[in-house]
Amino acid sequence: MWFPRSQRLWPSICQVRQWDEHEGFAVVALSAGAETTFAAQSIMIQTDILIIGAGPCGLFTVFEAGLLKLRCHLIDALPQAGGQCAEIYPKKPIYDIPAYPEILAGDLVDRLMEQAEPFQPGFTLGERAETIVKDEEDQFIVTTNRGTVHRAPIIAIAGGLGCFEPRKPPVERLAEYEDQGVEYIIKDPEFYRGKKVVISGGGDSALDWTNFLADGVASEVTLVHRRDGFRGHPDSVQKVLDLAASGKIRLLTNGEVVGVDGDGHLEGLTVKHKTEGELRLETDHWVPLFGLSPKLGPIADWNLNITKNAIEVNTLDYSTNVEGIYAIGDINTYPGKLKLILCGFHEATLMVQSAFKRIYPDKNLVLKYTTVNGVNGF
Amino acid sequence: MSIIRVTVIDREGVSHELDAPTDMNMNVMELCKSAELPVEGTCGGMAMCASCHCYVESEHADAMSEKSDDEEDMLDEAFHVKDESRLGCQIQLADPLEGLIVRLAPVG
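First to last, the sequence lines map onto chains A and B. Position 276 of the first sequence, counted from 1, bears residue number 276 in this note's numbering, the numbering being contiguous throughout. Position 44 of the second sequence, counted from 1, bears residue number 44 in this note's numbering, the numbering being contiguous throughout.
Hints are computed from structural coordinates only; laboratory data are not their basis. None of these values were measured; they are calculated from a predicted model. Just so it is clear, CB atoms sit at the ideal spot from N, CA and C, and this is done for glycine as well. Wrong hints could be hidden among the right ones.
What the hints assert, rightly or not - The calculated DSSO-like cross-link candidates involving lysine-lysine, where the alpha carbons are at most 30 Å apart (straight line), are:
1. A:K239 / A:K196
2. B:K82 / A:K368
3. B:K82 / A:K168
Stated by the list, open to error - Example chain A residues on the side facing chain B (calculated, C-beta under 8 Å, incomplete):
4. Y89
5. P90
6. K91
7. K92
8. P169
9. G201
10. R226
11. P294
My request is simple: use the sequences and hints to build the entire structure.
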């Protein structure tokens, strides 16, 4: 068992997860609002390479940087390391990782975590890197959406497809009601106590929250879904059907929400039914649960050269147009780019060599083989 | 090598007539990408992102494989879904699809 330990000065300012080879990830610390504020004012995470994105490419960077005695800290908007591999397809086999004829994406992440372990990376998970500025000592200051501040001379953007954000239905004037009755994530079910709630979607989260809120929390729960069939766990589906049959929830299948209305706060929804036309539902809240989709996010405003949602890099060392910022893996682009995990590994390896020379311009760097020296962790 | 003619109508309504090889294990998403049409194919063809959502406008339903559960599930999370909706990555290019016409669904 090991504990990611970067030079965090305050261990509980954001979500910190530990890796245990038997138990997997476990949250060991969660942020509290007051502490986060405190963090924004006076706590800073200092590291050598700040990696944005804890997918396979970001994780392998920790290993390669570690061989050069450079410390890493990773930020990821998702609540766990592993990026797409962990979030989208952990149970899918990958066939083009050298020496693994077949490996499940989730297992690949486990192996990469194990490989990075001796170099004790730090993690800021469940937070999105938001702003970047340079201080007087030529170091970058990166602050997350929750106010966690990081400082490093080198930034490696390994953001893959970008940040995963809730998919928003294309309903006119939807933005006006965000946080005024429209929420894409249920953070605290108590928020809905005694309220009328409409949930949209047919997956596990839509089913689970419908069941949960119908159990004496919300005053009225309606589930709207595009078709008759539901994906999701059969038990949850059955429970929803039972609740509908006993009149405890309203189930509207073959329908979709096409309109929102209300004076300032959400008051009603227009649902278009496949056969019965449009009907209006009075409600206090609408929670559309249509999964996550990746967006480039705030990185788009970091003055980097961007082509077709990807960051342009120099293939010499995968540096961007901003000195000290590199981009590796699926998020970068260059002539001949292939979006493959193995290419990201190569890019990470060359990138840390360049990063080393930037941090220590006067030191000579000699490539040392792990077969000769082994892996000497921190 | 066998080639079929596939028409892809982009989001501006412009038709693109494409020659599609049927012996290269390609799907409609990949065909669109190779023709540099605005299809992201974010998930790489695993029916996990719906960025290749399209409408089949020709009478080829019988010549295509049925929607898998994965595809149906993903369409649940997509928007602007119609009866003729498919994910391009799940339409494998084969000889019976000669004359296929698909329209790219709106993004979002």
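A quick look at each hint next to the structure:
Proximity of A:K239 to A:K196 is assessed by CA-CA distance (about 20 Å); at most 30 Å being required, the pair is judged to hold. A C-alpha spacing of about 58 Å is found between B:K82 and A:K368, which places the hinted pair above 30 Å, so the restraint is violated. Taken as a hint, the B:K82 and A:K168 pair is honoured in the structure, with Cα atoms around 18 Å apart against an allowance of 30 Å. Contact between A:Y89 and chain B, as hinted, is supported at the beta carbon level, the nearest pair being about 6 Å apart and thus within 8 Å.
Proximity of A:P90 to chain B is violated relative to the hint, the smallest CB-CB distance being about 12 Å (cut-off 8 Å). Hint on A:K91 is violated. Least Cβ distance to chain B is approximately 11 Å, over the 8 Å limit. Using the Cβ-Cβ criterion of 8 Å, the hint placing A:K92 at the interface with chain B is satisfied: the shortest such distance is roughly 7 Å. The interface hint given for A:P169 holds, since its Cβ lies 6 Å from the closest Cβ of chain B, which is under the 8 Å cut-off.
Taken as an interface hint, A:G201 checks out: its beta carbon lies about 7 Å from the nearest beta carbon of chain B, inside 8 Å. A least Cβ separation of about 6 Å between A:R226 and chain B falls short of the 8 Å threshold, and the interface hint therefore holds. Restraint check, A:P294 versus chain B: the minimum CB separation of about 6 Å is within 8 Å; hint holds.
Of the numbered hints stated above, those contradicted by the structure are hints 2, 5 and 6, listed in ascending order.
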